[in-house]
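Asks: Below, each chain spelled out in residue letters.
2 protein chains.
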Amino acid sequence: MGSLKLDHPQEDNSNSSPMEMTSALDPVEFRRQGHMMVDFIADYYQNIDKYPVLSQVDPGYLRKRLPESAPDNPEPIETILQDVQEHIVPGLTHWQSPSFFAYFASNVSIAGFLGEMLSTGFNVVGFNWVSSPAATELESIVMDWLGNLLSLPKSFLFSGNGGGVIHGSTCEAIVCTMAASRDQMLSRIGGDNIGKLVVYGSDQTHSALQKASQIVGINPKNFRAIEATRSTTFALSPESLKLAISSDIEAGLVPLFLCATVGTTATTAVDPLGPLCDVAKHHGMWVHVDAAYAGSACICPEFRHFIDGIEGVDSFSFNAHKWFFTGLDCCCLWVKNPGALISSLSANPEFLRNKPTDSKQVVDYKDWQIALSRRFRAMKLWLVLRSYGVVNLRNFLRSHIKMAKLFEGLVAMDQRFEIVVPRNFSMVCFRVSPWVATINCKLLEAINASGRVFMTHAMVGGMYVIRCAVGVTQTEEKHIAMAWKVVQEHADVILKNHGDDGDANLKLALLDKIA
Amino acid sequence: MGSLKLDHPQEDNSNSSPMEMTSALDPVEFRRQGHMMVDFIADYYQNIDKYPVLSQVDPGYLRKRLPESAPDNPEPIETILQDVQEHIVPGLTHWQSPSFFAYFASNVSIAGFLGEMLSTGFNVVGFNWVSSPAATELESIVMDWLGNLLSLPKSFLFSGNGGGVIHGSTCEAIVCTMAASRDQMLSRIGGDNIGKLVVYGSDQTHSALQKASQIVGINPKNFRAIEATRSTTFALSPESLKLAISSDIEAGLVPLFLCATVGTTATTAVDPLGPLCDVAKHHGMWVHVDAAYAGSACICPEFRHFIDGIEGVDSFSFNAHKWFFTGLDCCCLWVKNPGALISSLSANPEFLRNKPTDSKQVVDYKDWQIALSRRFRAMKLWLVLRSYGVVNLRNFLRSHIKMAKLFEGLVAMDQRFEIVVPRNFSMVCFRVSPWVATINCKLLEAINASGRVFMTHAMVGGMYVIRCAVGVTQTEEKHIAMAWKVVQEHADVILKNHGDDGDANLKLALLDKIA
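If you read the protein sequences in the order shown, they are chains G and S.
Each residue of the first sequence is one higher than the one before, counting from 1 in the numbering used here.
Each residue of the second sequence is one higher than the one before, counting from 1 in the numbering used here.
Excised from the complex, chain G in its bound form (with noise of 0.2 Å):
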């Protein structure tokens, strides 16, 4: 690529001529430079299993590698495009390698790629109905269709007078619906009682329910974890629920907002969505389902038992940007009640006034999220959609999920390993004998250290766990295979070395047992 710097002379300012604006967006350059980085593109997914898969930069790497300041003159993509290679790539921890198995994957594919290209593209900003029709509308209908597709109850739908919008994560949908239930709740109670209402969740819920609550203004002291044991494969107990409200109702505090989980990021564990509906509406409180990483599961029939009881609940949102291929960002927010939403989020300055909005005959997306401005984040979804359709949408789920049964099945004939909690969708909770946290966090930092997978963990009911989870779209058997090698090979040397320098290492062992 050197030789075409020799038409992006980087002498100093007064040499070079300033371009014209217009041409930062002028089509022939446009075009040009945009089948280069596909291209670059294309080759970084065709090369990516040959990187380690858990970046093996240190602290700071990239600040020695880079200039202090930004470059006067424009430098040409050809140049950029070398750093990139160079100084960026070694600084990633690739998700899209086959070879990761961390956190919940966050997957990609064409279809949610293409959709990303045309959205930026676009660049329309539809914050409300009359800024970009087209971004609007078509939000509205993809969440219909998939809010069919999980078989949601009408009710959710905008032909049930609910209906769905995209936000960008849990976190923010978590927000905007604690804010919707707290000022309903204000509304009942008097506006100066926001210190006693009362959110809960198990403490396996992601830490976004905590996030949500101290932002949206609830006293710290009003949070409620309430704990998941071993017993009820780490999902809420309604029982457990029941105390907790009662207790709080008891020293004169308001039960408010209920966060159940289906799928939590520990274990998968499934929050029973029924009963514990039954007890939290029975005092009129607000309750979310949170099924970021599963709910893409319960497209399939078979799946779709998770979300039984969502009928109860005020609101549903998951995460296509984790197992629904679009990419980043695209959380999916059902509603039962949208003027809850609105009512908290509602502004309508001057300057955004029109007529449509004034005939009540469009939805305004800025009144169900946080921020006023909104990227088209619909495309995506709908070219996932009609990519792919809904049979291989499917089929690509149920392929993760047999591959991590196949993990399971390899980790069980190894007698060395336990499976820590049955596997409900593709990933599998697993811990190495013996049973200590040491050990079993020496094995999963070599395995992450060898750069050949990137797994990671949890601690559920005082156990250490390695977690081994499915969903990147390049993911294929051999690539299982190969992880479990990976994990066999280290599990080989640290329990020999463990055995080797013996006492000391048992007797922490030991102490942790205990503890």
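Misleading hints may appear alongside valid ones.
For identical chains, the list gives no copy identity; a pair is met inside one copy or between any two copies.
Stated by the list, open to error - Think about it this way: if two alpha-carbon atoms lie no more than 30 Å apart in a straight line, the pair counts; the simulated DSS-like pairs of lysine-lysine are:
1) K336 - K154
2) K221 - K360
3) K496 - K355
4) K485 - K355
Note that these hints are calculated values from the structure, not bench results.
Fair warning: this is a prediction, and the values are worked out from it, not measured in the lab.
Following the hints, position chain S against chain G.
Replies: Frame of chain G, contents of chain S only:
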């Protein structure tokens, strides 16, 4: 494109063999479809001034054209692109049209587009350092670069123990800084006193302030929108702020947060930062500066004075996605005390625990924002800065300002019109005589219905004004001349009709004027 359909038969499911999931990111197919999409978008830019700027569709147009549910089987990209062209494009309001003068622009550029492609392609989720070191480090670096371009005091940069972060929107930036200020204050005055906290801005402040205040649990009764009048060209007067604060303190309330604006939405008014800080700091308040639109201009030395006094504030944000060529979304926020954000927004669940975080040597941006997940937005900012260089970026901004000046000159030459406030940046506020809302509103509606330009309005000091905001990448002087011609032509017609059917309209106008 029709013939291509033959390769993608749409028969019923039983005949079509299921796709392999991995093909959803097959590099060969990625390349083919990616190139096709680059051409589609390049064509769109090439033809953009053939479309009506403001979409002319009616509410509900799209539901009539699309199927009721997602397809079972895959559809070829060629068909989808045809549908985009036929059904989506007519429903777009073309924000990238050179004749878009509404709201504030959200301009895109080749570099911004390519940066978004890279970020989408890598699709890393950079919630903490370890999850993708390059994403975090590049963000810290470009935020320091940009902070230096704005001559921000060192206390806002990482090198000075402050730091910058990229949010999605100004509202998000205000929610986070306000939550931080709230928690700092509550730790001083006791956690049960949230009901006493008061938030201040002028009545020209963006609605994001009120929304943020509502979200973080400030009692709606404690939100102050202090009147800013024509006498201060709609800037917030420090004297008025002082009065409002005194009266609140007398009532036993606690002043918390001031949002000052550099470049208001209605008229691009600039609040005087220094004097306002003097008042607010006397009461230990947090001062945030919202320079969403005008912040970009402050990289030009001749406009830097608009943020004089910035050394006294706690946080500062501007939207690179408005007037800095990145495309949506890219809100740059700097804070002096990241610890305050982190203390309010951090959640450290076990599944995110890792050695670099424990070592405290790294930035974990999840604790600087609402969401856990985050896109690699720094990439597009880096590409914009490098592809154009500081010299060109300044000239791009100056060229928009010069065009606004040109428009201003044209308006000033026509005695039927009035420039309502002095122009500060690239936006002109004007109205036509008779100075009544009915006439000016009718004029604006006629202009926009023509499809040839799109402008929006504001109400300030009882005046209905039309705003011509220049800021789209491809706008040239010829578009300015054309826009003015459209305004004049419609004014001719409306004023003539107004004269003709005289009495009724005249009375209406006079009534309006007296009111």
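Asks: Under a CA distance limit of 30 Å, which applies to K221 and K360: within one copy, between copies, both, or neither?
Replies: The answer is between: 27 Å across copies meets 30 Å, while 41 Å in one copy does not.
Asks: Tell me, please, which holds for K485 and K355 at an alpha-carbon limit of 30 Å: within, between, both or neither?
Replies: Close across copies (25 Å), not inside one copy (64 Å); limit 30 Å.
Asks: At most 30 Å between C-alpha atoms: does K336 with K154 qualify within a copy, between copies, both, or neither?
Replies: within (9 Å within a copy, 48 Å between copies)
Asks: Classify it for me, K496 with K355: is the Cα-Cα distance of at most 30 Å met within a copy, between copies, both or neither?
Replies: between (75 Å within a copy, 25 Å between copies)
Taken one by one, the earlier hints all hold for this structure without exception.
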